[in-house]
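Order-wise, the sequence lines are chains A and B. If you count the first sequence from 1, position 238 lands on 243 in our numbering, and the numbers rise without skipping. If you count the second sequence from 1, position 455 lands on 460 in our numbering, and the numbers rise without skipping.
If you are wondering where the hints come from, they were derived from the structure by calculation, not from laboratory data. Hints are not guaranteed to be accurate.
[What the hints assert, rightly or not] Restraint ranges, calculated between C-beta atoms of paired labels, are given here:
(1) A:Glu-514 / B:Gly-401: 31 to 37 Å
(2) A:Asp-504 / B:Leu-451: 44 to 50 Å
(3) B:Arg-458 / A:Asp-371: 57 to 63 Å
[Stated by the list, open to error] Computed cross-link-like contacts, DSS-like style, restricted to lysine-lysine with a CA-CA straight-line distance of at most 25 Å:
(4) B:Lys-576 / A:Lys-591
(5) B:Lys-591 / A:Lys-576
(6) A:Lys-30 / A:Lys-250
(7) B:Lys-30 / B:Lys-250
(8) A:Lys-591 / B:Lys-591
(9) A:Lys-576 / A:Lys-591
(10) B:Lys-591 / B:Lys-576
[To be verified] In silico negatives: residues of chain A with every beta carbon more than 12 Å from chain B:
(11) Leu-28
(12) Ala-190
(13) Ala-243
(14) Thr-507
No residue lacks a Cβ here, since even glycine has one placed at the ideal position from N, Cα and C.
Protein chains: 2
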Amino acid sequence: MSKIKYLLIGPPLSSQKLGERRLNKIRALAAFSPDALSSIAYANQEIYLGLVIAGSAGLSLSLPIGLAITGLLVLVALSYFQTIHGYPSGGGSYIVARENLGTLPGLVAAAALLIDYVLTAAVSLTAGVAAIASAFPVLWPHRVILSLLLLGIIALANLRGLRETGTLMAIPVYLFLFTYLPMLAYGVVRTLIEGPGSLVATAPPAAQPLTAFMVLHAFSAGCTALTGIEAISNGVPAFQPPQTKNAGRTLLVMALLMGLLFVGSIGLTQLLAVVAGPQETILSALARRALGNGPAYLVIQITTMLILAVAANTSFAGLPRLTAILGTDGFLPRQLTNLGDRLVFANGISLLTIATGALIVLFNGDTHALIPLFAVGVFLAFTLSQCGMVVHWQRGRGGGWRLKAIFNGLGALATGMTLIVVGVSKFAEGAWITILLIPTLVVVFLRIRAHYREVAQQLSLRGLPPALKPSPRPRLVVPISGIHRGIMDAIAYAQSISDDVTAVYVELEPGAGQHIRERWEQWLPDVRLVILPSPYRSIIGPLLDFLDQTDQQHNDGQLATVVLPEFVPAKWWHGLLHNQTAWLIKAALLYRRRRLGYQRAIIDVPYHLRR
Amino acid sequence: MSKIKYLLIGPPLSSQKLGERRLNKIRALAAFSPDALSSIAYANQEIYLGLVIAGSAGLSLSLPIGLAITGLLVLVALSYFQTIHGYPSGGGSYIVARENLGTLPGLVAAAALLIDYVLTAAVSLTAGVAAIASAFPVLWPHRVILSLLLLGIIALANLRGLRETGTLMAIPVYLFLFTYLPMLAYGVVRTLIEGPGSLVATAPPAAQPLTAFMVLHAFSAGCTALTGIEAISNGVPAFQPPQTKNAGRTLLVMALLMGLLFVGSIGLTQLLAVVAGPQETILSALARRALGNGPAYLVIQITTMLILAVAANTSFAGLPRLTAILGTDGFLPRQLTNLGDRLVFANGISLLTIATGALIVLFNGDTHALIPLFAVGVFLAFTLSQCGMVVHWQRGRGGGWRLKAIFNGLGALATGMTLIVVGVSKFAEGAWITILLIPTLVVVFLRIRAHYREVAQQLSLRGLPPALKPSPRPRLVVPISGIHRGIMDAIAYAQSISDDVTAVYVELEPGAGQHIRERWEQWLPDVRLVILPSPYRSIIGPLLDFLDQTDQQHNDGQLATVVLPEFVPAKWWHGLLHNQTAWLIKAALLYRRRRLGYQRAIIDVPYHLRR
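Isolated chain A (complex conformation) (with noise of 0.2 Å):
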């Protein structure tokens, strides 16, 4: 077990190590942005996906919704600008709705936050496989397993302590960068030369006439392409400084590539008339076209996929941590604090793992059928974030305080708007999960404090007097199955801890007692052993019955111990050989303290078997 543990894993760190490296601005992009980029992967497949029941009529509205979407972005990243400068230790939607909002909203964000986490690891691990499956046919069958297969990777990597900051992440942001932004330009000159393609010659005929609906439907959907925006003003002190000079303008960049590469493709896609075949996304489908089939293409899908396996990580650092200040601030259970011996969260990790590997399995690793789930979530937490910033504004009213106040309640206006048309478009196909979930965990996150705050109160040692009253000497009860070597240790043991020791012996076959109390006469005479008779063959219930009189007819205060005398086999599997009697009297105890609310105190006093 550890040695495996040790060659997954990797072998323990010291507390020492803790700390991190500042980043400079071309480290930073590339560890706050894979998430942020790579959504345009999912968003246009969405869009197209909206738009092409309406055929070419659809198609021909996809710029459109992707320059409205766009604006969108600016607004959003502009308000984010000002939270990087307005919590410059690190501004995470959660942190700026509890302190400017109050506990319950910061809550409802921190749900909307956990349930976007997962879901960013499920559709970025399915896109990419997506994407990877678009160029391989043979392989989309197998795109839940495939998933899981990535999921599985990413996970082992954090809990070794991967660091999202690391040379290794950078890599696919900036081959995606400079693979994707080319082709894009290589497109655009090649229409020009060629003139543009005719959708009414590629679209598939409309299968429903266009509606207000389904184009809001597509807007909601192609939404998605703003996830990750929030990441650099979560991570401002891990810049180099100035911390938020360098982080504002990286947030600004950041957005600008964004802006391109979403507009560029969708523009790209509607200029040369590009529609997809059923295995493929729409992004394959344009890269094909713009590149051909040859290793170009390939290299496209690739880093597509890595991205994404990139963007996924990006959960990998957010969630655990979340967690742990949840767990911290006693919303969550403690354990999602322990630093594990790799200086990792990895209670989060796990958790993680477990919820996003449940999504791909639920909804066949179909990023379309999770996307619904998705945008509630994130443009919740955006709307709160925003409004928490805009009453931090007013609270501090330092200078220019009214027009920061200003542009965050604008963004505030358009995420809160957007929220709406996402939650009503989307209702029926998922985002009612995502509605339902939220207030769940909120419950779940109070009911979690009250229980904690409960036991400090119990477990508190004020009014306790300051002299600790003495245990009575504990009644000792041992249940013995025959005589033998093991029940003599026992014994032993039983008598060296209390003068109150009573042998147990529950009769299964009527006249067995008998035989048993001639051979305890002989080697333990002065133990009082007790014959108990079991007419229904069952050990455990005479034995329970048995243990409650004799506590009701001492009436000591006290309950009686149980000493369980216990094999401890040399190889594992002779284990099975053994009646677990031992074990039963355990799990017997352990139900009834659940039922009747009280356990006594067991003694487990092994007995070693040599071979």
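Given chain A, work out where chain B should sit, using these hints.
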């Protein structure tokens, strides 16, 4: 839990209710024959499937093959008739082989029988479901689920303590006889009036030419018609006196009925030139041909399903009894000898259910795929039992022992030759699994007995001095996570049983220990507190090292006892909210015990949380 158990399984029964009713011949036939009579359902099917690939030329051989198998049936029936007289107390193959041939052949027979019981259940269930799915083709794709459902019902009924001697079990058997035999008679009369059909006209074209191997193959598969014939010889004590005479006569009647049903149905199938469709059994095709598609046909199919279910039930009576005998002899875990509170061997029933369910799932609910595994075990047990009888007569040298030995010898020869034919012709199709499994089981039996003997020797009190040397007062180590009421209780308990108490605090964050020590001095100044540093943030490692070190320092021949203060939460889910440190420490001690071969005593001291 216990309420659900009560509802499904019923209230416990007192040991006094054990004891069997004696059966008259009518009831005994119903009790012991279902497996034997119903085996025509799959034997016919196998002969048909084996021959139909050679078209009409193949199918025309089904009657001669059927007659050869009937000849074998006569020999085996006479052999078992003798066994009844030689072993009036019940002569299962295991007992006969073990007593006369030695332990090893006995264990081989036991292994073969165990496999047979499981396969009887699996084959009967899947064949029963195939019978009903032939009538209702919509059920055909759901045969696995239906077989498992039927298995579940039978398992539950047996856990409740269903007696195979009950009236309920007799109904399907006589219903089967009183519908099948008239149908065969009616078919024969109709053929005499209308004239026979022509196989050349109805049979599908030959896919392969007829070969001698194919004939041997069909013969081997058809030999499964003999399964269950040994049942009466195992159950002689259940008959009314004169037991051997009644049992012998019942065996002869049963063999006669088996032969009649087998030859009758095969002969009529050939006379009417019946051929089955792809989703139908040959017996269903025969009934449909003889009786049309009306209610009479449906009655036949339902009756077939019912008798096959009852046949599967005979495994539930037989296997738990055999595993209990093997458990008593020390060849299987002793838990298999426990009579549950409903007076049944519940562990054996559960084992059979799991194994049968696994077979049904693995072989996709397909009787035909299971048959090759089946016949080897059956004929191996037959042969060993007959050989044992030869030795039995030879040793006893009673009146006419030579003739009796010759009869059983002939039986052994015939079944032995069949065993070889079956083993060779079905080897590649699955017989190899059984051939591999039997020696594996024998090795497992022997290793289990060796272990029990070893343990008995280690536990023996022989050589122990009559006066118990008192154990020294134990050294107690109490790991603490902080200072609160739960810890106070645990320390008080520890002080009540020993004056050597050490509290241990593992310091996960540098500096935390200082704070603990200050509060400790205030509340428990007279208890020793040790603070252990933990640079890798592990609680377990430093604690285990400390325990080992102090054991070495004291060198008093004892291991320190670990006292674990344990939370007892009021609601089960609260358990998830606390660091399961007590549980982790126990797991670590258990793991270490496997590695190092020793275990210390552990004391669980509960602390109850009220809400």
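Checklist entry - Broken hints, numbered, in rising order? => result Hint check: nothing fails, all pass.
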